[in-house]
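Student: Below are the chains, spelled out letter by letter.
There are 2 protein chains.
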Amino acid sequence: MSNPTAAMLVIGDEILSGRTRDANMHYLAGALTKHGIALKEVRIVSDDRQAIIDGVNALRAAYDTVVTSGGIGPTHDDITAEAIAAAFGKPIDVRADARAILETHYKASGAELNEARLRMARIPEDATLIDNPISAAPGFTLENVHVMAGVPVIFQAMVASVLPTLTGGAPLLSQSIRVDRGEGEIAAQLAALADEFPALSIGSYPFQRDGAFGVNVVVRGSDAAMIDAAMARLAELFPEAVI
Amino acid sequence: MSNPTAAMLVIGDEILSGRTRDANMHYLAGALTKHGIALKEVRIVSDDRQAIIDGVNALRAAYDTVVTSGGIGPTHDDITAEAIAAAFGKPIDVRADARAILETHYKASGAELNEARLRMARIPEDATLIDNPISAAPGFTLENVHVMAGVPVIFQAMVASVLPTLTGGAPLLSQSIRVDRGEGEIAAQLAALADEFPALSIGSYPFQRDGAFGVNVVVRGSDAAMIDAAMARLAELFPEAVI
Numbered sequence: 001m002s003n004p005t006a007a008m009l010v011i012g013d014e015i016l017s018g019r020t021r022d023a024n025m026h027y028l029a030g031a032l033t034k035h036g037i038a039l040k041e042v043r044i045v046s047d048d049r050q051a052i053i054d055g056v057n058a059l060r061a062a063y064d065t066v067v068t069s070g071g072i073g074p075t076h077d078d079i080t081a082e083a084i085a086a087a088f089g090k091p092i093d094v095r096a097d098a099r100a101i102l103e104t105h106y107k108a109s110g111a112e113l114n115e116a117r118l119r120m121a122r123i124p125e126d127a128t129l130i131d132n133p134i135s136a137a138p139g140f141t142l143e144n145v146h147v148m149a150g151v152p153v154i155f156q157a158m159v160a161s162v163l164p165t166l167t168g169g170a171p172l173l174s175q176s177i178r179v180d181r182g183e184g185e186i187a188a189q190l191a192a193l194a195d196e197f198p199a200l201s202i203g204s205y206p207f208q209r210d211g212a213f214g215v216n217v218v219v220r221g222s223d224a225a226m227i228d229a230a231m232a233r234l235a236e237l238f239p240e241a242v243i
Numbered sequence: 001m002s003n004p005t006a007a008m009l010v011i012g013d014e015i016l017s018g019r020t021r022d023a024n025m026h027y028l029a030g031a032l033t034k035h036g037i038a039l040k041e042v043r044i045v046s047d048d049r050q051a052i053i054d055g056v057n058a059l060r061a062a063y064d065t066v067v068t069s070g071g072i073g074p075t076h077d078d079i080t081a082e083a084i085a086a087a088f089g090k091p092i093d094v095r096a097d098a099r100a101i102l103e104t105h106y107k108a109s110g111a112e113l114n115e116a117r118l119r120m121a122r123i124p125e126d127a128t129l130i131d132n133p134i135s136a137a138p139g140f141t142l143e144n145v146h147v148m149a150g151v152p153v154i155f156q157a158m159v160a161s162v163l164p165t166l167t168g169g170a171p172l173l174s175q176s177i178r179v180d181r182g183e184g185e186i187a188a189q190l191a192a193l194a195d196e197f198p199a200l201s202i203g204s205y206p207f208q209r210d211g212a213f214g215v216n217v218v219v220r221g222s223d224a225a226m227i228d229a230a231m232a233r234l235a236e237l238f239p240e241a242v243i
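Those sequence lines, one after another, are chains Y and V.
Position one of the first sequence corresponds to residue 1 (full-length UniProt numbering), numbered consecutively onward.
Position one of the second sequence corresponds to residue 1 (full-length UniProt numbering), numbered consecutively onward.
The set of hints was computed from the structure by calculation and includes no laboratory data.
Treat each hint with caution, since some may be false.
It does not matter which identical chain is meant; a pair holds if it fits inside one copy or across any two.
[Said to hold, decoys possible] Restricting the straight-line Cα-Cα distance to at most 25 Å, the calculated cross-link-like pairs of lysine to any residue (SDA-like) are:
#1 Lys107 x Gly211
#2 Lys107 x Asp180
#3 Lys34 x Ala229
#4 Lys34 x Asp228
#5 Lys107 x Ala188
#6 Lys107 x Asp228
#7 Lys90 x Glu112
#8 Lys34 x Ala160
#9 Lys107 x Arg209
#10 Lys90 x Arg49
#11 Lys90 x Gly36
#12 Lys90 x Ala31
#13 Lys34 x Leu163
#14 Lys34 x Ala23
#15 Lys90 x Asn144
#16 Lys34 x Leu173
#17 Lys34 x Arg21
#18 Lys34 x Pro133
#19 Lys90 x Thr20
#20 Lys90 x Leu129
#21 Lys34 x Ala61
#22 Lys107 x Phe213
#23 Lys107 x Ala31
#24 Lys107 x Ile243
#25 Lys34 x Ala194
#26 Lys107 x Phe207
Let the sequences and hints guide you as you build the complete structure.
Tutor: Encoded structure:
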């Protein structure tokens, strides 16, 4: 009874150069977890055709669902749609359905549907469109790959369109406690607890704050009662812990 | 005259579940860029032995340098050192040099070097140690792979130890301007500019703020004079732009 799996491919030089901090991965991770889908891997690659092709082909073969973000705008460095089409061996061109969406949008806003903007109507054959309620230019789904925009508000709107169509599992639940002790002091008890609850994941995340070390212990699983039982054991083991 | 390349492997369920926002990738990206090393790919995998082995083997074959973060603490879910040893086909055990570092540290702090903490002295054969000035437990380098802690302050200290040992290239420079227009309006001029300066990377990053769309245009390269020339052209093309 394992949960469906997902992976994400983030496309963008600006993240790899350190200029921009990615926000979409953290958002998607939380949304998938709530939906009962386990995000198992994320890859971040540059705006490079072969890197995108290799990344999406590796991920779509290994996981149930793949979400990409970035590189579907109107400029010369937006090469995601072409690369995804190539990864699937599909032709790509301006498609009538996507073009109609852009025509309506730009007519309403009084802006021109110029050649650059028309690039955003380039959709691989057989793909279905993903609605973009923010700025019209659609994403698309090809088999198990969902190609979305990189601008966070648009990415989030596209996730909201696609998520209900994905088969989820039992929601992945978690509870955590904070123990203000060195990780090495509590490691043996945590290992024993992990053995006691093999169906749960017991994670240990050390931190340092104001010069003091502590550990966040996170119990994850899909059985709420079992998580409660593990949390009760943790509270016994570390009576000083902060829930 | 291309720059040396690097990749990063982030290990940790807590990031993939959306519980924690990774901070190390953004830090490393900035540090490498300043050092003239191009970060080309990042992979984030869970605390899973095979995922770590596959990730590190793919990345170390493809890039000059690989940095990993996470999974080298004392608890049962810290399996990075074992997985890296397996990826290289090297034996791993408690090593005298690492053990001596921990003995000195825990003697000074009055804490016990128990079995869990001793796990942090498990270092693959032939690896060299990476200094940890914060909490003693070392990272290690095996060929072109640098294995570092996930706690940000420790990660950053380890990056500071390793970075001077890496061959850098000409620093990767960048300048940017903000154009408060839709990306589709300026795409044709940007594409022409990219053709005009093939040695530079002209990136276009749309944003939305307070309901208005705009674009950050980023010019990257290692030739400062050439970047200045491209920026001058941008200022001509978009006189209203904010530098």
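Student: Confirm or reject each hint.
Tutor: We went through each hint and held it up to the structure:
no.	hint	in the structure
1	Lys107 x Gly211	between (59 Å within a copy, 19 Å between copies)
2	Lys107 x Asp180	between (60 Å within a copy, 20 Å between copies)
3	Lys34 x Ala229	within (21 Å within a copy, 49 Å between copies)
4	Lys34 x Asp228	within (18 Å within a copy, 47 Å between copies)
5	Lys107 x Ala188	between (66 Å within a copy, 20 Å between copies)
6	Lys107 x Asp228	neither (56 Å within a copy, 38 Å between copies)
7	Lys90 x Glu112	neither (29 Å within a copy, 62 Å between copies)
8	Lys34 x Ala160	within (12 Å within a copy, 38 Å between copies)
9	Lys107 x Arg209	between (54 Å within a copy, 23 Å between copies)
10	Lys90 x Arg49	within (15 Å within a copy, 35 Å between copies)
11	Lys90 x Gly36	neither (31 Å within a copy, 38 Å between copies)
12	Lys90 x Ala31	neither (30 Å within a copy, 39 Å between copies)
13	Lys34 x Leu163	within (10 Å within a copy, 39 Å between copies)
14	Lys34 x Ala23	both (17 Å within a copy, 23 Å between copies)
15	Lys90 x Asn144	within (15 Å within a copy, 38 Å between copies)
16	Lys34 x Leu173	within (8 Å within a copy, 40 Å between copies)
17	Lys34 x Arg21	both (23 Å within a copy, 16 Å between copies)
18	Lys34 x Pro133	within (23 Å within a copy, 39 Å between copies)
19	Lys90 x Thr20	neither (32 Å within a copy, 37 Å between copies)
20	Lys90 x Leu129	within (15 Å within a copy, 49 Å between copies)
21	Lys34 x Ala61	within (24 Å within a copy, 36 Å between copies)
22	Lys107 x Phe213	between (59 Å within a copy, 17 Å between copies)
23	Lys107 x Ala31	neither (34 Å within a copy, 46 Å between copies)
24	Lys107 x Ile243	neither (55 Å within a copy, 31 Å between copies)
25	Lys34 x Ala194	within (23 Å within a copy, 42 Å between copies)
26	Lys107 x Phe207	between (53 Å within a copy, 22 Å between copies)
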